[in-house]
Amino acid sequence: GAGVSQSPSNKVTEKGKDVELRCDPISGHTALYWYRQSLGQGLEFLIYFQGNSAPDKSGLPSDRFSAERTGGSVSTLTIQRTQQEDSAVYLCASSLVALGAYEQYFGPGTRLTVT
Amino acid sequence: GQQLNQSPQSMFIQEGEDVSMNCTSSSIFNTWLWYKQDPGEGPVLLIALYKAGELTSNGRLTAQFGITRKDSFLNISASIPSDVGIYFCAGQKANAGGTSYGKLTFGQGTILTVHP
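Chain order of the listed sequences is A and B.
At position 102 of the first sequence (counting the first as 1) the number is 167 in this note's numbering, and the numbers step up by one without a gap.
At position 25 of the second sequence (counting the first as 1) the number is 27 in this note's numbering, and the numbers step up by one without a gap.
These are computed hints drawn from the structure, not numbers from a lab.
Among the clues, some could well be false.
Pulled a few chain A residues facing chain B out of the computed Cβ check, cut under 8 Å [stated by the list, open to error]: (1) Tyr98; (2) Leu108; (3) Phe110; (4) Tyr113; (5) Gly116; (6) Tyr170; (7) Phe171.
Glycine is no exception: its CB is placed at the ideal position from the N, C-alpha and C atoms.
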């Protein structure tokens with residue numbers, strides 16, 4: 066498909082376990098973003114990539130959260146030692162570039178539940 | 003983190019009615035975007051606004067970028083049942099160089115229910 070894809074769509078994990086969430090951006094989009102959406106809330110920015118570098122990691126809530134992007138395409142968001150407050154929908158978006166008026170297009174999200 | 007003030011939080015309307023929702027901020031944004039989110043899906047872009055005062059339409063949707071750059075509104079005319087969902091505004095700030103910066107700041111959403 067031509068859109069942003071994310072996997073898995075749902076993830077249930079036990080508290081203290083590590084999880085990896087994957088994002089495949091739209092082909093040709095150089096900018097990639099991760100957001101988190103808690104129940105009934107708006108989206109909260111986590112991190113964005115321009116190419117493989119991450120100029121802004123300011124939204125990552127703690128050092129248990131990290132993300133990487135390789136080959137300027139696929140990105141992985143890793144949460145170590147998960148806590149119950151990490152339960153949320155994690156959304157990925159991509160845009161043609163980051164600087165300039167370029168719209169962000171979102172994937173369907175990964176719903177993470179920490180038990 | 004910072005969020006935009008979006009209102010109303012929810013709306014219950016009859017099919018055929020017009021709808022209006024808005025977002026305000028204490029700081030300036032260079033770009034305003036409006037998204038719609040259906041249950042279990044990611045947000046879908048409806049309208050993007052790039053210039054203060056700009057008025058843009060997309061079918062039955064009309065959105066405006068406030069002249070102060072601190073607000074935006076979205077109107078939906080002649081609502082239909084498939085308009086049901088959560089509508090989010092999002093703002094994008096300029097970086098020091100004056101071009102838009104990637105990070106989006108979102109409102110908390112307006113839940114729209116349309117009764118047939």
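To see whether the hints hold, each was checked on the structure:
1. Tyr98: 6 Å, holds
2. Leu108: Hint holds; Leu108/A Cβ to chain B Cβ min 4 Å, cut 8 Å.
3. Phe110: Where the cut-off is 8 Å and the nearest Cβ of chain B is about 5 Å from Phe110/A, the hint holds.
4. Tyr113: 5 Å, holds
5. Gly116: Violated, about 12 Å.
6. Tyr170: Given a least distance of 6 Å, the restraint on Tyr170/A holds.
7. Phe171: At about 4 Å, which falls below the 8 Å cut-off, the nearest Cβ of chain B leaves the hint on Phe171/A intact, so it holds.
The structure fails hint 5 only (numbered hints given earlier).
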